[in-house]
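If you want the building blocks of each chain, they are given just below.
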Amino acid sequence: MINSHDILETINMIDNENLDVRTITMGISLLDCIDSDIDRACDKIYDKICRYAKDLVKTGEDISRDFGIPIIHKRIAVTPIALIAAACPTKSPIKFAKILDKASKTVGVNFVGGYSSLVHKGFAPGDYALIESIPEALAVTDNVCSSVNIGSTRAGINMDAVAKMGRIIKETAEQTKDKDCIGAAKLVVFCNAPEDNPFMAGAFHGTGEPDCVINVGVSGPGVVRAALAKAGDCNITEVADIVKRTAFKITRAGQLVAQEASRRLCVPFGIVDLSLAPTPAVGDSVAYILEEMGLEQCGAHGTTACLALLNDAVKKGGTMASSHVGGLSGAFIPVTEDAGMIEAARSKSLSIVKLEAMTAVCSVGLDMIVIPGDTDPDVISGIIADEAAIGMVNSKTTAVRLIPAIGKNVGEELSFGGLLGGGPVMEVNTKSPSRLIARGGRIPAPLQSLKN
Amino acid sequence: MRAVITVIGQDNVGILAKVSNVCADAGANIIEVTQSVLQGMFAMIMFIDIDKLTAPYSELADRLVALGDALGLKVHVMHEDIFNAMHRI
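Residue numbers (this note's numbering), protein chains in the order written: chain A, 1 to 452; chain B, 1001 to 1089.
The following block holds chain A by itself, in its conformation from the complex (with noise of 0.2 Å):
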């Protein structure tokens, strides 16, 4: 029997501590639509998305009000662009992003990811063409999102990417230049990128997965933190404890849900992606938690500390309540999504080195941070480099999502709205790493890769 305290726990942490399930996501493989004519490619993609996807917005609004929990976003990740224009080699695929973001309307979902391209070992036909037309496509679209994977731990990092890649960041921030540099927003460059992973942008459907498949992405920063407020100045292993405990409960919620979509959708549930995600609204904040735990501000040091902890403690809950766990499961830090972020990186407390020695113990990397638009395109490279061999030599997913802010330089801001949010342009070290930059090659795989 259920009992007033559980209940009333719930509709608190739904009514004032931002208790959600973030994304339903569908994941729809594109490999049949292969097609050497794009526009006859172009109408298949077209018409087996609203197919597949035409009940999913419908369905997840039932789901929450049948059982009373917000359910944010739905939304679609398809099989890696590159992958079906290769195809048609002498066309543009910014086709193929306008059909994704007609599609992505039509079905009324808010974003669809796998506008991608996965060159950890090297290019293939197709690669070339997509990644150079990132730029032109996150500008001609309201809702496509890209992902690049440029290294891996099995493969090491494919520098010549990695070039590439600081160029491209800096021309999709120019093209969209006059919305705030939204299209650099919903690029991410990824090493280890997860085939299964609900949460844009860099959401794409991978080659392993099946035909079509449901997964979610939990939250809830605010439920966490207002279980740590409660239990006041206790022991550091109780905090893991509270966490654990909490991550338990909102993953069950998260689980319920999934499976519930698997089930009125016909669709097989994948995975639940175990993920603290913020959003700008006070309360729901990743950083807030980490003060909660005894930080003046987030940044302060202790924050890399806390965030392991963190870390794990949502890993050890969450597994034990979902029958299949994937994506990147583990707290998010998007410095713009994030009102504790946002105001420890307008104090100052929070820096792009601090961030990034973050990124070594959460589960994505250095994600919506704001630099000065003149930054050179090969200190953005090396941004990536750098962060790619964190994720490559730690086994785990790390993912660069930079906004260079054209036009701006320290100490402005940059204002998405909505759940993008927005925050002030933080310093880089201007060093040139142009003659690394311009070595290209592949850096080899670590040790840790030889496992067989």
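Take these hints with a grain of salt, some might be off.
If you want the ones that stay clear, here's a sample from chain A, every Cβ over 12 Å from chain B, calculated [said to hold, decoys possible]: (1) Lys44; (2) Asp312; (3) Gly373.
Listed next, the stretches of chain B that the computed footprint assigns to chain A, with coverage defined by at least 3 CB atoms under 8 Å from CB atoms of chain A [said to hold, decoys possible]: (4) 1001-1009; (5) 1034-1046; (6) 1055-1062; (7) 1071-1081.
Keep in mind the hints are simulated off the structure, nothing from the lab. Note that the Cβ used here is the ideal one computed from N, Cα and C, for glycine as well.
Add chain B to chain A, keeping to what the hints say.
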């Protein structure tokens, strides 16, 4: 199948009656009610059977939330599975 209705807010005359009326109109059988008033704050938790509803579940939920809005109360209508999932292993 059962759903849980919670009503929280300033105490007033007839809250329980009005909620029960909406349930009866939709064919929802009330299984259990716990209610308390502490320092003028009303908190009620009601379990209802939703197997024999005469109106769609979503309509019942909408009506109850609308009733809450009219009375200045916070009303939640949630399937009991969410609580079982979160609080029971």
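Hint check results:
| no. | hint | result |
| --- | --- | --- |
| 1 | Lys44 | holds, 35 Å |
| 2 | Asp312 | holds, 21 Å |
| 3 | Gly373 | holds, 46 Å |
| 4 | 1001-1009 | holds (count 3) |
| 5 | 1034-1046 | holds (count 3) |
| 6 | 1055-1062 | holds (count 3) |
| 7 | 1071-1081 | holds (count 7) |
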